[in-house]
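A.B. asks: Take a look at the letters that make up each chain.
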Amino acid sequence: GQNIDQPTEMTATEGAIVQINCTYQTSGFNGLFWYQQHAGEAPTFLSYNVLDGLEEKGRFSSFLSRSKGYSYLLLKELQMKDSASYLCAVRDRGRKAAGNKLTFGGGTRVLVKP
Amino acid sequence: NAGVTQTPKFQVLKTGQSMTLQCAQDMNHEYMSWYRQDPGMGLRLIHYSVGAGITDQGEVPNGYNVSRSTTEDFPLRLLSAAPSQTSVYFCAVKTGTHSYEQYFGPGTRLTVT
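Residue numbers (the working numbering), protein chains in the order written: chain A, 1 to 114; chain B, 1 to 113.
Just so you know, these hints were derived from the structure itself, not from any lab. Quick caveat: nothing in here was measured; it's all calculated off a predicted structure. One should not assume that every hint holds.
To be verified - Derived DSSO-like pairs (lysine-lysine); straight-line CA-CA distance at most 27 angstroms:
#	chain 1	residue 1	chain 2	residue 2
1	A	K113	A	K76
2	A	K81	B	K9
3	A	K57	A	K81
4	A	K68	A	K113
5	B	K94	A	K57
6	A	K76	A	K57
Taking the hints into account, I'd like the entire structure generated from these sequences.
C.D. replies: And the structure:
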């Protein structure tokens, strides 16, 4: 089975940096996703890490340590529009169909204040 | 959103009623899946399909049926709705053989009274 933990809520100030941690304990691991979800909308893809290290995409970066079962999403130069939930999801190990199954954490709601 | 559409957007059912949530895509993607999202519990996989005629169960399949007669459509059926099935339902597709990204449809908000 999979167990994925992330904080429920975080608050930060516009222009600041926020780091959202995600820890996982899984029976199989084949990559980790981060999704952003604004209230009342569908999740949208942010990043995918399969190897250890940091992946940077503009203001957003994602880090993975497979040996520690740990990832974080770093949001820099926060903007009001970054207020949303951020979902961590682990991709299952397995061939073909099973390898596309995702297990999600509960999500972290980030509130950006002026 | 990779051409993923879901209907209806909102639905209210009485306990015991049946209904079908529709999911359609026009990009010939093989892998499609259904998730439900409940407060504090994240998204949970209900059923998934790797192509026409092939479906399998996810984490929470009880109370739901699926079929995949065409590549384009992947409907989710509730045969006898229960209040525990009140949730937001998302359909997702995986875009391409070498892409692991999954794109989500806009969702269906279902309330069972």
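A.B. asks: Please go over all the hints and tell whether each is borne out by the structure.
C.D. replies: Against the structure, the hints come out as follows:
Of the supplied pair hints, the one linking A:K113 and A:K76 holds, its CA atoms being roughly 14 angstroms apart against a limit of 27 angstroms. Restraint check for A:K81 and B:K9: the C-alpha separation of about 24 angstroms stays at or below 27 angstroms, so the hint holds. In summary, the hint linking A:K57 to A:K81 is supported, as the alpha carbons are separated by about 17 angstroms, within the 27 angstroms threshold. Of the supplied pair hints, the one linking A:K68 and A:K113 is violated, its CA atoms being roughly 32 angstroms apart against a limit of 27 angstroms.
Using a Cα cut-off of 27 angstroms, the hinted pair B:K94 and A:K57 holds, with the two alpha carbons roughly 21 angstroms apart. Distance check on the hinted pair: A:K76 and A:K57 sit about 11 angstroms apart at the alpha-carbon level, within 27 angstroms; holds.
Of the numbered hints listed earlier, the single one contradicted by the structure is hint 4.
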